[in-house]
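Chemist: The chain contents come next:
There are 2 protein chains.
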Amino acid sequence: MVSERIKKLAMNNSAIRAMFEEGRVMAEKYGRENVYDFSLGNPNYPAPEAVKQAMIDLLNEEDPVYLHGYMSNAGFESVRAAVAGSLNDRFGTAFTENNIIMVSGASPGLNIVLKTLLDPGDEVIVFAPYFVEYGNYTANYDGKLVVVQPTTADFQPSPEALEAAITPRTKVVIVNSPNNPTGVIYSEETIKNLAAVLEKKQAEYGTSIFLLSDEPYRELAYDGAVVPFITKYYRNTVVCYSWSKSLSLPGERIGYVVIPSEVDDFELVFSGAVISFRVLGYINAPSLQQLAVARCLNESTDVSAYDANRRLLYDGLTKCGFECVFPQGAFYMWGKSPIADDKAFSAAAKKYRLLLVPGSSFAGPGYVRIAYCVSSETIRNSMPSFRQLAEEFGLKGVE
Amino acid sequence: MVSERIKKLAMNNSAIRAMFEEGRVMAEKYGRENVYDFSLGNPNYPAPEAVKQAMIDLLNEEDPVYLHGYMSNAGFESVRAAVAGSLNDRFGTAFTENNIIMVSGASPGLNIVLKTLLDPGDEVIVFAPYFVEYGNYTANYDGKLVVVQPTTADFQPSPEALEAAITPRTKVVIVNSPNNPTGVIYSEETIKNLAAVLEKKQAEYGTSIFLLSDEPYRELAYDGAVVPFITKYYRNTVVCYSWSKSLSLPGERIGYVVIPSEVDDFELVFSGAVISFRVLGYINAPSLQQLAVARCLNESTDVSAYDANRRLLYDGLTKCGFECVFPQGAFYMWGKSPIADDKAFSAAAKKYRLLLVPGSSFAGPGYVRIAYCVSSETIRNSMPSFRQLAEEFGLKGVE
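Those protein sequences? They're chains E and F, same order as listed. The first sequence begins at 1 in the working numbering and counts up one residue at a time. The second sequence begins at 400 in the working numbering and counts up one residue at a time.
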């Protein structure tokens, strides 16, 4: 009855779904406070008060026909201009409203860019470990996903491996920094090296290769780390941004796409992305959210809370004997599974009421992802469980 | 550079886009109040005060982590249960939250159902004139659009024509009542006849044919007209609803999909639709809007204002000598072009600062669509222009 594709997706879906269900059942059995759910990227810290005030002001002040009405599919011009101005102030770029499309989070941004660019069989390169939905988004438009294996020393994408993966059919390379699931920030050197490879291969094949930068974690950087703004390093860059994490608004579905004027075939790429947004049924990003974020462009979530969690969790886990990548950004810790089979390790963790996502779910077997966008209390209370888990696997902890 | 499909779409897009641009230029030249823009389905009447109050209350009362956070891809369970309950109260159905998916308007609803059901080459039947995006939505999933020609006497879909169009590859039939662009409400007799044809053909071919009911205008019915609730007439019905028009919230992108438990392969169709919503990048319908509409299920826009517009416009146009379908619902009037070439007629109308959409844009040549979701003043002030237009085409008006 349903399509062959959806049948397959429904089958693959069951693993993660089962985890959610299990979490629920465990919470009912042991009490929510006794289940340490590190599986979800749902920020536990509230949106800044300014968001609430902006929404209430808009509802009180604006004509509802304007506030709740249709606008251009690309979004309110005033909002797009404000976003462009904010980017220019921060990154020294020269965008205008004609470079910005307001979208319903980063994921529709990725979808409309892929729909705009991909002919069936065109290749999309991703660096493992990666957000699995990239594979589904690529499949939506009959693209072929090409996975570059990680450099496990530092989890920076390897320019050599990228070069080896590029073919004349390569249309898009997706990057994601700060990274989900590793917490790594791509260094300026990495970006420069990737850009050099792309320039070289574009010239060699006479093609255009788009660097698609998925940036929902841009503002979540620790220790004053700088996240390079990629449009400055490579001409054919498109940026997908979301306020889901930076303003703790994941349910509200609001973000933007930046298409710089210097990308190849700019007019067609920009109008194609707007048309794709419309024909995929999005029509426009929610109007109240658009106008609200435009008033909160200088606001940000409290990164210090995530930073404290990061240190607490990293210290705790290493003391137990676990080996983890110390995160530079985002709110995920990438921990090495003490056994090769990360699914078995995640399954064992459940005995101690710890919910960790197997790295295999990100094409990164041998690891687990631990989302620390939880309360610090959850982290503190989970430590005896992590210690038991470490002991089960014979890890040597320190007191 | 961009995909072949998008290149084509960008080219086809230019006609309607040119109209919008022309409207803008005209408004600048003659003043907005002197341009009679009947081209857009953007409600001119404000959302009920209760919507504003619900949003403000939610912002003041709810924990922002809950209010703005992720929930199940299908939407908040409490909201889905409330929607199910409201439908049951009104239509005597027996839905639960497990039959409801909260989506970002009717258009994503149509998209996720088509993505769930269509294998490449599967056929989707529509009745002309129809909302052109149905063609794009079908093409998104490599479906084949099959157009049934209209019965111009009453613009009710013809069961005989439907029967002739069905093949073993027919997967979906889209209906839209109250109809855009004709303003017609499908009668109970029509629905029963269509259902009988579908039952017969399902049995004959051993297939499942889904009736996909696009219902953004459900609440906009005049003279006490009853809009039959189609799930009661045909088992394999899926309903796509939006609050865009009924609560004047088109920019906010909020609606729902109903998948009754009795459809073939219910579990797979329901989970497939939720997965499709996720993998197309929607993730979930905007959270504030979900919770707000759940508090406004008994609210509705002021239909009497549209009704007054309807009579004003119909009387005015018929007095000018135009022939129009008297609308039973929605806020569109379907007028006969006095010449076969509706595009030329629409072009001529612009001379009198009248913006009408050619019927060809709805696969209904020889007609124009006149959207009367404008102020009554616009309609009143446009009458001298319509009279001049009628005179140009030699129509005989009455005083």
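None of these hints come from the bench; they were simulated from the model. Errors might be hidden in some of the hints.
Restricting the straight-line Cα-Cα distance to at most 30 Å, the calculated cross-link-like pairs of lysine-lysine (DSSO-like) are [stated by the list, open to error]: (1) F/K428 with F/K451; (2) F/K718 with F/K742; (3) F/K631 with E/K7; (4) F/K600 with E/K8; (5) F/K543 with E/K7; (6) F/K543 with E/K144; (7) E/K144 with E/K192.
In this text, all values refer to a predicted model and were calculated from it rather than measured experimentally.
Chemist: Under the constraints set out in the numbered hints, which ones does this structure not fulfil?
Modeler: Hint check: 1 fails alone, others pass.
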